[in-house]
Amino acid sequence: DAKTTQPPSMDCAEGRAANLPCNHSTISGNEYVYWYRQIHSQGPQYIIHGLKNNETNEMASLIITEDRKSSTLILPHATLRDTAVYYCIVNGYGQNFVFGPGTRLSVLP
Amino acid sequence: DTGVSQDPRHKITKRGQNVTFRCDPISEHNRLYWYRQTLGQGPEFLTYFQNEAQLEKSRLLSDRFSAERPKGSFSTLEIQRTEQGDSAMYLCANDIGDYGYTFGSGTRLTVV
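Just so you know, the protein sequences line up as chains A and B, in that order.
First residue of the first sequence: 1, per our numbering; consecutive thereafter.
First residue of the second sequence: 1001, per our numbering; consecutive thereafter.
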């Protein structure tokens, strides 16, 4: 079973920041938080990952709480092309990725 | 282009027929995974290879399913005597280290 809990769906206005939450209260000290997204009819695409520090790349920012029990993926300026299912995954070395149902983000014009 | 190629992209087959899917991974990455995804669900792990060795199989992988990776290069997933419940997207992925997995675009199987 997935070790994460995400809301099933969210809406966001185009051009605004999309903040996608994820709960992972049972995360272990050596487990990373990964975020992937899946656009219709494609395979999941890596977005970002982190252990305990906040991370930023060209796609998104990842904010991890100090106790590491939750995190937020931030898409700073959402576009229509960001409409997708977003998966938050907790994974340690040597473990297979376990996907939950994710959050379906709809970016609205 | 994700670097992981899957063929075919779509397959429609009659119930009871056998089907085979192929995955060509990023050549320098030696871990290869197969996942299955049904409508509205996240991908589910089926099996993975380290080079040519199949190291783990999910309980989802019934005896009608077989996967191979000869010589540690491409991989095939065969489903024998297909059933309607096998209709799904079959995804192949490479482990690319710290950045997780790179997935192919998948093969969508429809059993009629």
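Please keep in mind that the hints were generated in silico from the structure rather than gathered at the bench.
A couple of the hints might just be wrong.
Unchecked claim - Taking lysine to aspartate or glutamate pairs in the DMTMM-like style, the calculated list, with each CA pair at most 25 Å apart, reads:
1. A:K3 to B:D1098
2. A:K69 to B:D1098
3. A:K3 to B:E1044
4. A:K3 to B:E1052
5. B:K1057 to A:E31
Remember, predicted model here, so these are calculated numbers, not experimental data.
Comparing the hints with the structure gives:
The straight-line distance between the Cα atoms of A:K3 and B:D1098 is roughly 19 Å, inside the 25 Å bound, and the hint therefore holds. For the hint linking A:K69 to B:D1098, the alpha-carbon distance of about 21 Å falls within 25 Å, and the restraint holds. Taking the CA atoms of A:K3 and B:E1044, the gap is near 14 Å; set against the 25 Å cutoff, the hint holds. Simply put, A:K3 and B:E1052 have alpha-carbon atoms about 30 Å apart, too far for the 25 Å limit, and the pair is violated.
For the hint linking B:K1057 to A:E31, the alpha-carbon distance of about 22 Å falls within 25 Å, and the restraint holds.
Violation of the numbered hints given earlier is confined to hint 4; every other hint is satisfied by the structure.
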